[in-house]
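J.: Please model the complete structure; the sequences and the hints are all you need to start from.
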Amino acid sequence: MAVASAENAVRTGRFTRTFIYLFLLLFALFYLMPLLVMILNSLKPLAEIRGGNMLALPKQWTIEPWLSAWSTAQVGVEPTGLKPFFWNSIKMVVPAVVLSTVMGALNGYVLTKWRFRGDTILFGLMLFACFIPFQIVLIPMARVLGLLGLAGSTPGLVLVHLVYGVGFTTLYFRNYYAAFPTELVRAAQIDGAGFFRIFWRILLPSSGPIVVVSVIWQFTNIWNDFLFGASFADLDSMPMTVALNNLVSSSTGVKEYNVHFAGAILAALPTLLVYIVAGRYFVRGLMAGSVKG
Amino acid sequence: MALPSARADFKTRLQNLIPKLVLSPSLAMVLVFVYGFIIFTVYLSFTDSRILPSFGWVGFENYDKLFRLRHWDIAVANLAVFASLYIIISTVIGLSLAIFLDQKIRGEGFLRPIYLYPMALSFIVTGTAWKWLLDPGIGLEHTMHLWGWASFKFDWIKNRDYAIYTVVLAAVWQSSGFVMAMFLAGLRGIDNEILKAAQMDGASNWNLYRRIIIPQLRPAFLSAFVILSHLAIKSYDLVIALTGGGPGRATELPATFMYSYTFTRNQMGIGASSAVMMLMTIAAIMVPYLYAELKEKS
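In order, the protein sequences belong to chains A and B. Taking our numbering, the leading residue of the first sequence gets 1, the next gets one more, and so forth. Taking our numbering, the leading residue of the second sequence gets 1, the next gets one more, and so forth.
Please keep in mind that the hints were generated in silico from the structure rather than gathered at the bench. Note that the coordinates shown come from a computational prediction; the quantities given were computed from them, not determined experimentally. A portion of the hints provided could be inaccurate.
Restricting the straight-line Cα-Cα distance to at most 27 Å, the calculated cross-link-like pairs of lysine-lysine (DSS-like) are [said to hold, decoys possible]:
{"#": "1", "chain 1": "A", "residue 1": "Lys255", "chain 2": "B", "residue 2": "Lys104"}
{"#": "2", "chain 1": "A", "residue 1": "Lys255", "chain 2": "A", "residue 2": "Lys59"}
{"#": "3", "chain 1": "B", "residue 1": "Lys158", "chain 2": "A", "residue 2": "Lys255"}
T.: Structure follows, in structure tokens:
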């Protein structure tokens, strides 16, 4: 029995369909396995991991590794767990996301509704800045953060993420506002509304979806950053990703795999939650970042 | 009469100035922190900087040294292997998943997020997970032994000749779902009428895809290529978390090379020249792409 599809008009037979389902399920398994292994093994005592099967359910369930990863594991010198670094990440991410989104929104508004000669070139310059390999700015950035007195501090990291994130947020808002009817803006202008009034009263109320996209993209990117954190943070500002890497790769003592797994899930939790709650917007942001149209 | 008009004039001029004023902080930041810094790093690559930047001009000496370093050769060769496999495999998997998902699959809404969630994770998390999964002592090999397959051997991550493929595996795991999403969007945008007409003419599914559908996905192919190659060249975190560049230098990439020469080996001049090489490679891919995109839009 052939299944006719109204959506794509391609007919497939029963044998083909069985193959397709098998293929799709196999890949679902491939993507889920690492997460599954991490969750299962973070709930086992260490002896069970070393002796046992990583795909087996825990014989003796324990949340000890989670407690250890959160508050007592050795990260660097002190047995602080990942807790302080989790908060470091929050303190870095929130201002960086808010500032870059606000600036991106205003930039997008200017670049679409208040166009001037040369604006496309300026936008091109900002856009290319999103794609540079950050290795090219590491050395001068370290110097400048030092000169500004921001070396090794959370405000320093916020600045770095703002600078290299604003190109993306500008891209999002520019593409979004380009589809917004310019006549409305012109009409408001004739009625005497100024720059900020038009933005506040006319564009912003309908910007909900793109604000969500921008916030999610920035949050995910900044939370997941490792290079800047590893280069510019010291112990008091070290973000979660760097702390996790220190925890996992510290060579002293016994390798506590279960604690490492629990730590990895803790580091992944915020972005995973965002993905689960607002996956639709997450995908839209990814697409806008790649297919600019 | 002259006064109000002058004031109005001033007001309009201010109104005209505001957009540019609003844009200027971002622009200044980008000009200084991106383009200024690029110029500074390019300049450093021509100096005798070691631990700290220094300004003694040495011409092309750093580049000369760089190209003769075996360490750099290895990093570039690894990148070539890694990037080409990563791009090809991610594209093939992404396209297959997208085409299959597009067959009115029951449970698409359930499967799609599973394919995509790795993209939300940090490369450090991905690296940590795969590091232990691939570890012969506790991971896949160990599990297969416990299941009775005693001769099963999978020690790529500890093997100089194969370690780079484990980086490919973890990277493909992380981004192939994203490629799937790009192709799926492309597939959903194809006009059904053409497909129906081709089917009336008796085209087989295979020919339908090969002759009509896949050629129409050209923009998605291009975007996937640009995004993946750009990710590959920037790859740093994943290698650090998964293998640390080892065993030996088996998974060293230009990004890890740059970091270790600049910050741990105190060869800043060489580190800067390697960063310049990375930038030029990415620019060669991104500039034409962005230029075409911007030109098309305006």
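J.: Hints first: check each against the structure and report whether it holds.
T.: Now for the hints, and whether the structure bears them out:
1. A:Lys255 x B:Lys104: violated (47 Å)
2. A:Lys255 x A:Lys59: With Cα atoms ~20 Å apart, lysine 255 of chain A and lysine 59 of chain A stay inside 27 Å; holds.
3. B:Lys158 x A:Lys255: Holds, because 17 Å separates the two Cα atoms, which is no more than 27 Å.
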